[in-house]
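**Q** Chains as they are written, first to last, in our numbering: chain A, 1 to 346; chain B, 1 to 346; chain C, 1 to 346; chain D, 1 to 346.
Do not take every clue at face value.
You can't tell identical chains apart in this list, so a pair holds if it fits in one copy or across any two.
[Said to hold, decoys possible] Okay, derived cross-link-like pairs now, BS3-like style, lysine-lysine, Cα gap no bigger than 25 Å in a straight line:
| # | residue 1 | residue 2 |
| --- | --- | --- |
| 1 | K40 | K189 |
| 2 | K265 | K278 |
| 3 | K141 | K92 |
| 4 | K271 | K25 |
| 5 | K271 | K140 |
| 6 | K278 | K40 |
| 7 | K25 | K141 |
Since the hints were made in silico from the structure, they are not lab data.
In this text, all values refer to a predicted model and were calculated from it rather than measured experimentally.
Protein chains: 4
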Amino acid sequence: MVKVGIIGSTGYAGGELVRILMGHKEVEIKWYGSRSYIDKKYYEVYQNMFQIVDATCMDDNIEALAEEVDVIFTATPQGYLASLLNEAILSKVKIVDLSADYRIKDVDVYEQWYKIEHKSPQFIEEAVYGLCEVNREDVKKARLVANPGCYTTCSILTIYPLAKEGLIDMNSIIIDAKSGTSGAGRGAKVDNLYCEVNENIKAYGVASHRHTPEIEEQLGYASGEQVTLNFTPHLVPMNRGILATAYATLKEGVTEEMVRAAYDKYYADEKFVRVLDKNVCPQTKWVEGSNYVDVNFVIDKRTNRVIMMGAIDNLVKGAAGQAVQNMNLMFGFKETEGLELVPMFP
Amino acid sequence: MVKVGIIGSTGYAGGELVRILMGHKEVEIKWYGSRSYIDKKYYEVYQNMFQIVDATCMDDNIEALAEEVDVIFTATPQGYLASLLNEAILSKVKIVDLSADYRIKDVDVYEQWYKIEHKSPQFIEEAVYGLCEVNREDVKKARLVANPGCYTTCSILTIYPLAKEGLIDMNSIIIDAKSGTSGAGRGAKVDNLYCEVNENIKAYGVASHRHTPEIEEQLGYASGEQVTLNFTPHLVPMNRGILATAYATLKEGVTEEMVRAAYDKYYADEKFVRVLDKNVCPQTKWVEGSNYVDVNFVIDKRTNRVIMMGAIDNLVKGAAGQAVQNMNLMFGFKETEGLELVPMFP
Amino acid sequence: MVKVGIIGSTGYAGGELVRILMGHKEVEIKWYGSRSYIDKKYYEVYQNMFQIVDATCMDDNIEALAEEVDVIFTATPQGYLASLLNEAILSKVKIVDLSADYRIKDVDVYEQWYKIEHKSPQFIEEAVYGLCEVNREDVKKARLVANPGCYTTCSILTIYPLAKEGLIDMNSIIIDAKSGTSGAGRGAKVDNLYCEVNENIKAYGVASHRHTPEIEEQLGYASGEQVTLNFTPHLVPMNRGILATAYATLKEGVTEEMVRAAYDKYYADEKFVRVLDKNVCPQTKWVEGSNYVDVNFVIDKRTNRVIMMGAIDNLVKGAAGQAVQNMNLMFGFKETEGLELVPMFP
Amino acid sequence: MVKVGIIGSTGYAGGELVRILMGHKEVEIKWYGSRSYIDKKYYEVYQNMFQIVDATCMDDNIEALAEEVDVIFTATPQGYLASLLNEAILSKVKIVDLSADYRIKDVDVYEQWYKIEHKSPQFIEEAVYGLCEVNREDVKKARLVANPGCYTTCSILTIYPLAKEGLIDMNSIIIDAKSGTSGAGRGAKVDNLYCEVNENIKAYGVASHRHTPEIEEQLGYASGEQVTLNFTPHLVPMNRGILATAYATLKEGVTEEMVRAAYDKYYADEKFVRVLDKNVCPQTKWVEGSNYVDVNFVIDKRTNRVIMMGAIDNLVKGAAGQAVQNMNLMFGFKETEGLELVPMFP
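Full structure from sequences and hints, please.
**A** Okay, structure coming up:
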């Protein structure tokens, strides 16, 4: 059994990691790190785990952890892992980082959007961007995986085939994304109180959300061009789910058949990406609790734009599920191990 | 007291008309039309009206109604009013039509998008498009007002100042709109069941929603150009509210100050349109139950696009409230009579 | 115009007071007290009030306030008013206290359930328990009104006629109450985050909730007996509304007609209490945004128990609305002034 | 592999059966019966099953089904199975009936509460009431299992230990239950529309709900007394979950230790019943998606009543999960096979 440690196990993404790993046959969790709940039973923080997890929360000691486990998941604030990582740690343990610390290759871009200094830029080059459907082979060989953001996973996978195949004008991309509230984390803030979110919808981080450069970088690699785009996130009154509605202008001569062929080319063999039947729009509820990404598109001939849509569960494919998928690749497990989660409806 | 009749008084928009008119000092409702609930007490259909409305639902007899009342609100399916309207009726009574029958000036466009034959095109020319902030003077003189759609009210008012002032490229407009579920009406459909809508978000009517040509026509008048745009509606798990997030490319040299000045020019004196302070994004909850439209914008210098946002209560400014505002203008009442509704939070 | 000051104007009950008083013809708010937001525009705290309230939040200085206004509403934590009140203040200004400080006549009971020392027990005797339907005449003469709690208002009015008429065994009462989340206030606590409340229901404060002795005391006055009962509150995923489902054993020989007659006797002339038609169960949505209490009952002949049900909007009749109703009585205004709020549906 | 047929596979309980059986190692579904969707792909009805279930919906032909499969689940309206069942069928196939047809031993009681004639009373005696924790040994030998109702499963398991041990006055029981909306089924009814359920709570079926006699019968067996009780269901704005809050008077001399010992006696070894730590109240969210029942209690010394609380997922332990648990027992599989579902939070 591979031994797992989690730093930040009591946030929503950490909790989801625990839920998923409970059903994974090849691993056991050895360390439930949680600075806020040290010495408290894990199930006292998440009562759903009562009689399932008996462990006690421990401090977030990455040095000690590196001695005891084979892989560490860090579900921690931006800058945390970057401030601690060193070669000694990485030589002992593999790391899947759910924060943004190693997602962006250009350290200046990182520091500009995140407004913090990067404390260990020397590992950025080595880190593999863990979007399995795109970087599968690199992930298999990685010591350090930068697990993609929730909005970015959804946005990139929704647009990727058309970017890669050169079917759209890369300067015309607009992504209007909608997320459930678990994406905002478990911190006690007035803005995330039930009464503030319920019966309400708003945009936030307009033209300034940190996932923007991550999407731009990855779609840049796909298309071979520098990409600048609009990304607007919205907060939706639901627990889980992200829907990305993306708009782009089709290049001349691009037909519906060509667009569908592009999606099929990249996703026909992908277990976790489902290209829906024509005229079926993705709905977040249909992927809830699962690692699926549902994608589809509509072409508007009047404007010559394609409307691409993608739906994920932000805590699964957008965080913990993808992290487990990365771990599976890194350790040579079956890629779907622990992830054959059937979406729950209703 | 002006006498009011409502045809379709037991749909959600009809119910909201009743709620608002209960607080209107100049009118009394004489006819609660409802084909589905004839002879039933109105409060048995909407128990919130118990001990407030004692009337009984009546058949939808527009001829009889025209004899008895001064103004008729029709909150009816598409094609209903068009199939019944004639000069005899219009000579006796004013009509505010909440359906789409007289909103679109080009009957071919209407028939193409609505897939029904228009039975009384002779009144289309006369009908005034009842967006009060834009067509106030015409509404005052009208016999027949076409009350704008919910999505269209929100979308047009969000974009109008920039279209009118020529600050944006009219071919670049993309509107991504999100609506609460009351917009889908009170019909018993599986798709609108609690368990299907709750914890879910989806796009629908992509590149084919009927409000598209209405928005295009009105923004065309504003800009003096033919406009073709993308409009994508989404269903959000909340009762009320529409948020429109609209994207457009700024024309060369347009500055933030010019954009703000445009909003102020058209809305500074408008009671029901609130241009929010810089960096404050509209939220549907802040206008709930009221006739307000909250608008604001952000400029993304990286892409040279402006992101315009607008929020309304779809049942008030998007339906019943605007209908009352139109009636107020048509009868020379104070425009805000019955509409000084403070938004309810939370 | 009567001048109003609010201490605690930025909590949910305070915000609702502002909403209601905006529609009140006889008063103007002179002081928006909020220790947390001093010098901030009130509309920056509650954006629904943008362009409606232009005032700035002020400190909670009750001495200064007493000089400037005619009536103070205190929507403050338990013990706050009791620690400050003195004869000098009360000689200058009337007070409607939305906290529990003066609701319970027996100071020992207060201190035992609230776990705090009462700092001004000398005013308890004078304070009038502001349940208008029961204590109307006393309220009219009061300087200091203890505005009832939300659960208690709903519970007492649901049971009152049967207690008063001696139709039920007072030792058999069980109240199972369900509340929306605004009752938990606007404090930033993990337990009240959207993701913790949504898709969830739980009981809390079982056998220990502070509203218990308040209900017992008032039903004791009604019945002329000492009353001990069970009260269990539950948290429901909705913003507003309390539903109380109360159970009691009928005394021998009590018939359905007698029970209905009791409700009619006390409520037939009460504007804000609606006794629903037979077989219609109260629903919180039907009173949302209004000052109504909807009540009804079912008799179970198999067990000889009566099931009494009552629904209110916890922020209106359960807090701010009732406070305004009390103020109306204290100042000789029409009792319904500012309170003719039609429930909003959906 | 044991072959499974489902009649009524496109209701919510049917859909949940499919979700759970997808993860069951010993069975395969051979027949997706759905009278409403014959010849339609199952995934077109439930898009969450896209690329997971490829089968087509078939007619509800129980005779044909009995030839092809080893076990039939009937998730059908009351009276359906009773009208078709015969010895020929039962001699070929085992049946788990999710309807109420064989739950109640007294056919008069069934006909009185369900208002339909029972067409095959000859099988009532043989049918085993499939509450596994209570009737495990009988279920193992059964051909026909009557799967308990959702409210009843939750209510009975919450009260059972105290009834069985004689710790409470059986005539004092009051059950106040709260259910998510999936319990109302997938039929298109106005009452279950999003806008009618959302932001609302109501009691329904007061003193007349059909689960009442089922609870009374089972608690009667447990206590050895005839039991008459009050059961009041409420509709809560959430998809899944039932919370039962039950009240009873403790017999003289019963202590907290005795009550806890009773729960431990019956549930310490039960995988699916979790007796929570003292002072922890069950929450439906903590069992969502799982087969768990969380129970706990509080004693109110002031009234000498015990407040018992239980939470389940109505579609799992209250329907499909318990049905699979019964099947596991009937076929000698591991009782937990397919049911090791970790609750999903948030």
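**Q** Find the hints from earlier in the document that the structure breaks and name them by number, from lowest to highest.
**A** none
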